[in-house]
Amino acid sequence: MSAIQDLILTTIDAHGAIEDTAALRINGQPVDQLQVIGVLNSLTAREVVSFTILDAEYWLLSEEGNKVVEHGSPEVMVFNAIPEGEDGISIPELQKLVGESYKFGQGAAFKNKWIKKSAAGFARATDSVVDSTRNELIAIRDGKVLAEKIMTDYKKKKLIDKKKTSSYNVVKGPKFTTTLAKEETDISQEMILSGEWKTAQFKKYNFAPGVTGVVPRGGYLHPLMKVREEFRQIFLELGFTEMPTNKFVDSSFWNFDALFQPQQHPARDAHDTFFLKDPATDRKYPRDYLERVKKVHSEGGYGSIGYVMDWKEEEAEKLLLRTHTTAISSNMLYQLAQEKEFRPVKYFSIDRVFRNETTDATHLAEFHQLEGVVADRGLTLGDLIGTLHSFFQKLGIPKIKFKPAFNPYTEPSMEIFSWHDGLGKWVEIGNSGMFRPEMLRPMGLPEDVSVIAWGLGVERPTMIKYGYDDIRELLGHKVNIDMVQKNPICRLDKKMGREL
Amino acid sequence: MPTVNVDKEILFKGLGRVFTLEEFEDLCFDFGIELEEETSEREMAAKEIGAEKAKELSNRLIYRIDIPANRYDLLCAEGIIRALSIFLENQKPPVYKTVPAPAGKHQKLIVKPETGAIRKFVVAAVLRNMVFTQDNYNSFIDLQDKLHANICRRRTLVAIGTHDLDTIEGPFTYEALVPKDINFIPLNQTQSMNGEELMNFYEADRKLSKFLPIIRDAPRYPVIYDSKRRVLSLPPIINSDHSKIKLTTKNVFIECTATDLTKAKIVLNTVVTMFSEYCKEKFTVEPVEVVQTDGKSVMYPDLSMRHMETSAPYINKLIGTDIPRDKIVTLLTRMGVTASKGADDKAISVQIPPTRSDILHPVDVMEDVAIAYGFNNITKTVPKASTAGAMFPLNKLSDKVRRELALSGYTEVLPLILCSHDENFKFIKKVDDNTTAVKLSNPATIEYQVVRTSLLPGLLKTIYSNKKLPLPLKIFEVSDIVLKDDSVERRAKNVRHMAILYANMKGSGFELIHGMLDRIMLMLNVPMDVTGSGNGYYIKESNNETFFPGRRADIFLNGQKIGHLGIVHPEVCQNFEVPFATSALEMTIEPFV
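Keeping their order, the protein sequence lines are chains A and B.
So for the first sequence, this note's numbering puts the first residue at 43; every next one is plus one.
So for the second sequence, this note's numbering puts the first residue at 712; every next one is plus one.
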């Protein structure tokens, strides 16, 4: 590099300018123009020189073109392969002699009336021919530019190619010198102490768009946990208390029966739920409560006809990995009912739940569920709808509507739909409802107490927010650590720009 | 959620008008069903068997509609059309009636005691003077399939048999016989076979083989005979070919055998209320006398209206509305429920038809009012109670620890909580003594065998998946493991752990991991126990097999062991195919709450 720099500076010093850097030679060899532009950019930045670009075009023979120069054009090859005389040569033999150029060459030679049909196959129709194609290609190779029609024709036949090259015209800049001082890249403590910074020349910092600084190395939080933090803050702002959901193992009793989920419900199939082999069962739930749950399932009560079926404790005692955090909510509401005086509560949780599913782009056997629960005397469906509106408003989702749905432990049950601008349609984002009296009354909650609740999966909104289409890129050991490090902070109420 | 296919043309004819796709979607949304897609038999089949093979099939447009799991009365086109027509006030809810059989045609079904051991209950009914068309015949078969798949729990709880009454002769008997002694030609077959042969014959049948285990190993199989010892059906597997329904069938004998009587009644009611629409006397059903083993006779089906009392204030109080009682009565009628003014000026007397087995409690009536009123027309309010928010203390601590780890240069990862037995034990050089890990009984994915008792395997798996990233890799997780514990309800407990892992080409980073422990303790304001006073933390060389000898230690807090750290044993790294020198630390953070 510095040899080129020296060459450029001394040449300009001697001649006042460089007309075309293509003419520069080091040891008799042309100089790489890519290196030249590197030097020129740096010298121009320091105002030592300035330059203009000289674009030039030149023609080059293609591989095919070189072949023609070497062996002659196909039609000439065909002509030459045919012996003199009227007998000529058989077609297979001619093909063998000429090789792959035969097909094209034979047609052209025939059209030029150089050859004619004979008894054997083909015979010469003239004594000698001139290979003008080859002659013209040799001229082009040596730098001649022929008539445009010829050039276009050869280019179309892929015999020649046009190439572009750049070289430079260089003149002196305002600060032209042949002795360049060393440039400092950074300021140092030494320079500050010595005062050297006053005279030192500093290299220009590259502020060009697209140039980044040095990326800091630090620690990083997982995007799903960033989303969880946002959700938790919203609940806390709304006055909700976090439930102790650190119980992955639960009994069917709390996960299903306490929720008035019938024992023959499909969710209780081994197909959907992880039951445990060890420990397999537990019967430590409150006995008197169990009796009330059994009764409301099998015979009804509290105004309900119940499911009118055999209720078996063998089903309730089965341990499982909770299928929803509502297993915890049911336990919390039971505990609330055991307090001396009823008090209104607002609970929330965000934690892992388990489903016995095979894994694909939208399903994992474990995922995070968010749940909100409000219990008070005289709560209404209007309260649930209003609560959901303010909750989703805080999530940056102003437009929601509700569809009647079915859920064994809520009545009414409402699916929550939000308008999705990107998809241009209403999409389901969660479930909600009022817990059934058959669930609440056996716990001992007063008759006028209603409980409203809602739940949603956390992975789905995170995928939408961060633009993922495969849940496995978000949760589990296959997650790319680089992805974790590069994800922006989560702001649910703002557009992040990555949304699906 | 079950999905029902409804022919678009039949649907709109039944509803008395044509809807645009959007209009029909909105109608479904308001009523609480969901239009999943518009398709055709050909299009659906093309997805499974290819467009070429499917091109012979019908291209009539079909609406695929999702139905709530408790609305068995919507499991066929007839039910959906009827419910929507009533919702749109095009028709009144029909009154379903049982009418006595014509003289001499009264049917009896006698239950033999042996059935008690295998499939205890049977109910039956007759649809007389029915007119089948290809469309309603298909729907009739489809409804039975849908009921079998849903409320019947794949025929374990209830199985439906339908027969051409004119090919058989009562009284019928419901028996349980030794498989070898049952001989008949099954539906659409030509060869007669006994119970054992039949089991072998259907072993390879894609549709029926899954039902065989319900009775296969029983000493006696349930079977229904007519008075001439002709087999009607071998529930819950198959009907006989002899009594099969044809397009020309006029009189239909329906039997439902069951292990759950309530569900059998619901299933029978659903079939007869839906298809009595095609009887000469619309919505009438002929009863069948079931003679129980105790000699008592019960007439089925029971199509009587169920009575429920509620009131306008009760309903309004729960919804948060002020809908006048008259209006409530109208709204309920639109949901197929007949209501009238009750005893006092607020009471509402509700008559629940046999199609609405989902109504268990007045709250279900309230929901119907809310649906007909429109969820989205209800005034938004918010709960008045003022409560203070609070975090779960363990989560609050976890967040602070997570932040410190991230501030110290570690990246948070979230491996799964379920793992294989080998990953949890053998791969980290541990032996399972059956006292720690919770084990799953029925995982659909073979690698999920236990709930992790350590965070380390997940971290090592994460490193394996990220081998190509620049080194060193520094990761952490703060989350729960689960341990068996017989002293607590549920016999297992979560324990909140933190784990960090350092992986590099050169240097295991053991001192860095050690330093991270000191840093976390500093942040938790726990002093180092230098003098052995029993206050604070210290580490002590250990024999933990997971780690490399001489570079492994246990972590103690106030004299109690709370975790461990060390250079991960090269064999452990090998087991997880981690090609780096690796150090790790894992400890519980629960003592710091």
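I should point out that these hints are in silico values taken from the structure, not numbers from a laboratory.
Do not take every clue at face value.
Pairs of lysine-lysine, DSBU-like flavour, derived with a Cα cap of 30 Å [claimed, not checked]:
(1) A/Lys467 / B/Lys724
(2) A/Lys360 / B/Lys1150
(3) A/Lys536 / B/Lys1111
(4) B/Lys1057 / B/Lys1107
(5) A/Lys360 / A/Lys436
(6) A/Lys467 / B/Lys1091
(7) B/Lys1111 / A/Lys443
(8) A/Lys360 / B/Lys1195
(9) B/Lys1217 / B/Lys1178
(10) B/Lys1107 / A/Lys528
(11) A/Lys360 / B/Lys921
(12) B/Lys1204 / A/Lys326
Just a sample of chain A residues kept apart from chain B, beta carbon distances all over 12 Å, derived [said to hold, decoys possible]:
(13) Gly149
(14) Val171
(15) Thr221
(16) Ser236
(17) Leu263
(18) Glu279
(19) Ile392
(20) Arg397
(21) Asp425
(22) Asn449
Part of the chain B face toward chain A, derived, beta carbon under 7 Å [said to hold, decoys possible]:
(23) Pro813
(24) Pro824
(25) Asn1088
(26) Thr1092
(27) Asn1246
C-beta: ideal position from N, C-alpha, C; glycine also.
Against the structure, the hints:
For the proposed pair A/Lys467 and B/Lys724, the alpha carbon gap of about 28 Å is at most 30 Å, so the pair holds. Restraint check for A/Lys360 and B/Lys1150: the C-alpha separation of about 13 Å stays at or below 30 Å, so the hint holds. Restraint check for A/Lys536 and B/Lys1111: satisfied, since their Cα atoms lie roughly 25 Å apart, inside the 30 Å limit. Between B/Lys1057 and B/Lys1107 the CA atoms are separated by roughly 51 Å; this puts the pair beyond 30 Å, and the hint is violated.
Restraint check for A/Lys360 and A/Lys436: not satisfied, since their Cα atoms lie roughly 39 Å apart, outside the 30 Å limit. For the suggested pair A/Lys467 and B/Lys1091, the alpha carbons sit about 23 Å apart, so the restraint of at most 30 Å is met. With a CA separation close to 37 Å, the supplied pair B/Lys1111 and A/Lys443 exceeds the 30 Å bound. Distance hint between A/Lys360 and B/Lys1195 is fulfilled; the C-alpha atoms sit about 15 Å from each other, no more than 30 Å.
About 15 Å separates the Cα atoms of B/Lys1217 and B/Lys1178, which keeps this hinted pair within 30 Å; it holds. As the CA atoms of B/Lys1107 and A/Lys528 are separated by approximately 25 Å, the hinted pair is consistent with the 30 Å bound. Distance hint between A/Lys360 and B/Lys921 is fulfilled; the C-alpha atoms sit about 25 Å from each other, no more than 30 Å. For a cut-off of 30 Å, the pair hint linking B/Lys1204 to A/Lys326 stands: about 14 Å separates their Cα positions.
No Cβ of chain B comes within 12 Å of the Cβ of A/Gly149; the nearest lies about 43 Å off, and the non-interface call holds. Consistency note on A/Val171: stated as away from chain B, and its beta-carbon is indeed over 12 Å from all of that chain's, at 57 Å minimum. Annotated as non-interface, A/Thr221 keeps its C-beta farther than 12 Å from every C-beta of chain B; the closest such distance is 42 Å. The beta carbon of A/Ser236 sits about 36 Å from the closest Cβ of chain B, which is more than 12 Å, so the claim that it is off the interface holds.
Look at A/Leu263: its CB is around 5 Å from the nearest CB on chain B, not clear of 12 Å, so calling it non-interface is violated. Separation of A/Glu279 from chain B is inadequate, the least Cβ-Cβ distance of about 7 Å not exceeding the 12 Å criterion. Listed as a non-interface residue, A/Ile392 fails to keep its Cβ farther than 12 Å from every Cβ of chain B; the least gap is roughly 9 Å. At roughly 9 Å from the closest C-beta of chain B, the C-beta of A/Arg397 falls inside 12 Å, breaking its exclusion from the interface.
Remark: the non-interface label on A/Asp425 conflicts with the geometry, its nearest Cβ contact in chain B lying 5 Å away (cut-off 12 Å). Against the 12 Å criterion, A/Asn449 falls within the reach of chain B, whose nearest CB is about 9 Å from its own CB. With its C-beta approaching chain A no nearer than about 33 Å, B/Pro813 sits outside the 7 Å limit, and its interface hint is violated. This hint is violated: B/Pro824 has a C-beta 20 Å from the nearest C-beta of chain A, more than the 7 Å allowed.
A least Cβ separation of about 10 Å between B/Asn1088 and chain A goes past the 7 Å threshold, and the interface hint is therefore violated. For the restraint placing B/Thr1092 at the interface with chain A, the shortest Cβ-Cβ distance is roughly 4 Å, inside the 7 Å limit, so the hint holds. Given hint, B/Asn1246 at the interface with chain A, is violated; its Cβ is 28 Å from that chain's nearest Cβ, farther than 7 Å.
The structure fails to meet hints 4, 5, 7, 17, 18, 19, 20, 21, 22, 23, 24, 25, 27 from the earlier list, while all remaining hints are met.
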